[in-house]
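Please dock the two separately framed chains into a single complex, following the hints provided.
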Amino acid sequence: DAKTTQPNSMESNEEEPVHLPCNHSTISGTDYIHWYRQLPSQGPEYVIHGLTSNVNNRMASLAIAEDRKSSTLILHRATLRDAAVYYCILGLRGGNEKLTFGTGTRLTIIP
Amino acid sequence: ETGVTQTPRHLVMGMTNKKSLKCEQHLGHNAMYWYKQSAKKPLELMFVYNFKEQTENNSVPSRFSPECPNSSHLFLHLHTLQPEDSALYLCASSQRGRSYEQYFGPGTRLTVT
Chain A
120 DAKTTQPNSM
130 ESNEEEPVHL
140 PCNHSTISGT
150 DYIHWYRQLP
160 SQGPEYVIHG
170 LTSNVNNRMA
180 SLAIAEDRKS
190 STLILHRATL
200 RDAAVYYCIL
210 GLRGGNEKLT
220 FGTGTRLTII
230 P
Chain B
56 ETGVTQTPRH
66 LVMGMTNKKS
76 LKCEQHLGHN
86 AMYWYKQSAK
96 KPLELMFVYN
106 FKEQTENNSV
116 PSRFSPECPN
126 SSHLFLHLHT
136 LQPEDSALYL
146 CASSQRGRSY
156 EQYFGPGTRL
166 TVT
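Note that the protein sequences, when read in sequence, are chains A and B. Using the numbering used here, read the first sequence as starting at 120 and increasing by one per residue. Using the numbering used here, read the second sequence as starting at 56 and increasing by one per residue.
Check the hints yourself; a few may be wrong.
The calculated BS3-like cross-link candidates involving lysine-lysine, where the alpha carbons are at most 30 Å apart (straight line), are [claimed, not checked]:
(1) B:Lys107 x A:Lys188
(2) B:Lys73 x A:Lys122
(3) B:Lys107 x B:Lys73
(4) B:Lys77 x A:Lys217
(5) B:Lys91 x A:Lys217
(6) A:Lys122 x A:Lys188
(7) B:Lys73 x B:Lys91
Some, not all, of what chain A presents toward chain B, calculated at C-beta under 7 Å [said to hold, decoys possible]:
(8) Thr124
(9) Gln161
(10) Pro163
(11) Tyr165
(12) Lys217
Distance ranges between label pairs, derived from CB positions [unchecked claim]:
(13) A:Thr227 x B:Thr135: 33 to 43 Å
(14) B:Asn72 x A:Asn175: 44 to 54 Å
(15) B:Thr60 x A:Pro159: 17 to 27 Å
If you are wondering where the hints come from, they were derived from the structure by calculation, not from laboratory data. All C-beta atoms, glycine included, are put in the ideal place defined by N, C-alpha and C.
Excised from the complex, chain B in its bound form (with noise of 0.2 Å):
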């Protein structure tokens, strides 16, 4: 495997599951980021993770948890999700201090019932 990738690709769940978002980067990066993109607005930054520590939390609602592992390892735990939470996930990484140059993988298109 190269690059960025996530799994699942697709997920479908009801308001009262849990699940959880996979990435992983074989880049030897040291940062990761998760980004939300909803139908017809821009992406949205929710988090980042810098040599495992989170240091930007965009106000996200906290039945989205992210967690870390390692570098390059990144989830992010879902659960009591609202329909509007439907969306594009992506994960993407980089070199720290070169956050302008981000690898991004290729989404995770939730859909909650």
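Chain A on its own, in the form it takes in the complex (with noise of 0.2 Å):
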């Protein structure tokens, strides 16, 4: 299975945009890239997903290198509510697929 890599945390000033990195070296050409996030003590919600081409809805923004390789998940402005684990995931490409969680990026929102 194609792996991605997360930095264990990071932090960023409230009301300041925030991108979120993942790398994906070993991504296969049908691979969707998917993000999802934990707030605390809440089970994960679905942020986004893509494919090739940068993706835009009303939680985040998701840029997609050109060789795919890697992908950054861009919050415009984060609030304190942005603060949680943010996983990025690999796969699915029938759509029946399982999602494979990893450690993913614990995000602190500084006020």
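This is the structure we're talking about:
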């Protein structure tokens, strides 16, 4: 299975943009890139996914490198509510494959 | 109720007890999942059900017994657990074929004494 590498932790100031990196150098041509986050005392929640093109939704943006070996989740204006563990996950080509969570990046927002 | 609900939110049980965790989804999904999240470890998938049929058992010990009576409900029956089974148990649901977009419940925090 293709693996992802994320920093263990990051800090950011409130109301500033946050760029969360993910490396996936062994990604295959049809692997999607998915991001989930887990707020304290809650289950994970789906954030965004993409294949090749950059993607935007109401929660975040996903920037995918041209060679697809890395991607960046962008929170445009971090709030205290964005403090969470963020997971970058590959795969699920067929839509029925299982999610394999790593240890993610713990994001701390500084007021 | 909306989304995915789990009851109870907290459970303390002895090693000889039998208890059950309940999950209910109000999203019209047809796939449901059980995950285990131990301290300082990644989430581990335990079971997957598609249209009430178990399609994945990730080498889970038999002291954990899932049940899916319909597409909206999922149970995890527990018996003769060990202290190392203490963890957060999370339920999730999705549309079959869209397992990349799973909706999680808040979890049940289980302590085995």
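Hints, verified against the model:
Restraint check for lysine 107 of chain B and lysine 188 of chain A: not satisfied, since their Cα atoms lie roughly 37 Å apart, outside the 30 Å limit. The straight-line distance between the Cα atoms of lysine 73 of chain B and lysine 122 of chain A is roughly 38 Å, outside the 30 Å bound, and the hint therefore fails. For the given pair, lysine 107 of chain B sits about 23 Å from lysine 73 of chain B by alpha-carbon distance, which is consistent with the 30 Å threshold. Between lysine 77 of chain B and lysine 217 of chain A the alpha-carbon distance is near 21 Å, which keeps this suggested pair within the 30 Å criterion.
In summary, the hint linking lysine 91 of chain B to lysine 217 of chain A is supported, as the alpha carbons are separated by about 14 Å, within the 30 Å threshold. For the hint linking lysine 122 of chain A to lysine 188 of chain A, the alpha-carbon distance of about 11 Å falls within 30 Å, and the restraint holds. With a C-alpha separation of about 18 Å, the suggested pairing of lysine 73 of chain B with lysine 91 of chain B holds against the 30 Å cut-off. At about 14 Å, the closest approach between the beta carbon of threonine 124 of chain A and any beta carbon in chain B exceeds 7 Å, and the interface hint on this residue is violated.
A hinted interface residue such as glutamine 161 of chain A counts as satisfied when its beta carbon comes closer than 7 Å to some beta carbon of chain B; here the least separation is about 6 Å, so the hint holds. With a least beta-carbon distance of about 5 Å to chain B, the hint placing proline 163 of chain A at the interface is held under the 7 Å criterion. Of the supplied interface hints, the one on tyrosine 165 of chain A holds, with its beta-carbon coming within about 5 Å of a beta-carbon of chain B, less than 7 Å. Because the closest C-beta pair between lysine 217 of chain A and chain B is about 5 Å apart, less than 7 Å, the hint holds.
One distance hint, 33 to 43 Å for the beta-carbon pair threonine 227 of chain A and threonine 135 of chain B, holds here, with the actual separation near 40 Å. In this structure the supplied range 44 to 54 Å holds for asparagine 72 of chain B paired with asparagine 175 of chain A, their Cβ-Cβ distance being about 49 Å. Taken as a hint, the range 17 to 27 Å holds for the pair threonine 60 of chain B and proline 159 of chain A, whose Cβ atoms sit roughly 19 Å apart.
Hint violations for this structure: numbers 1, 2, 8, all remaining hints satisfied.
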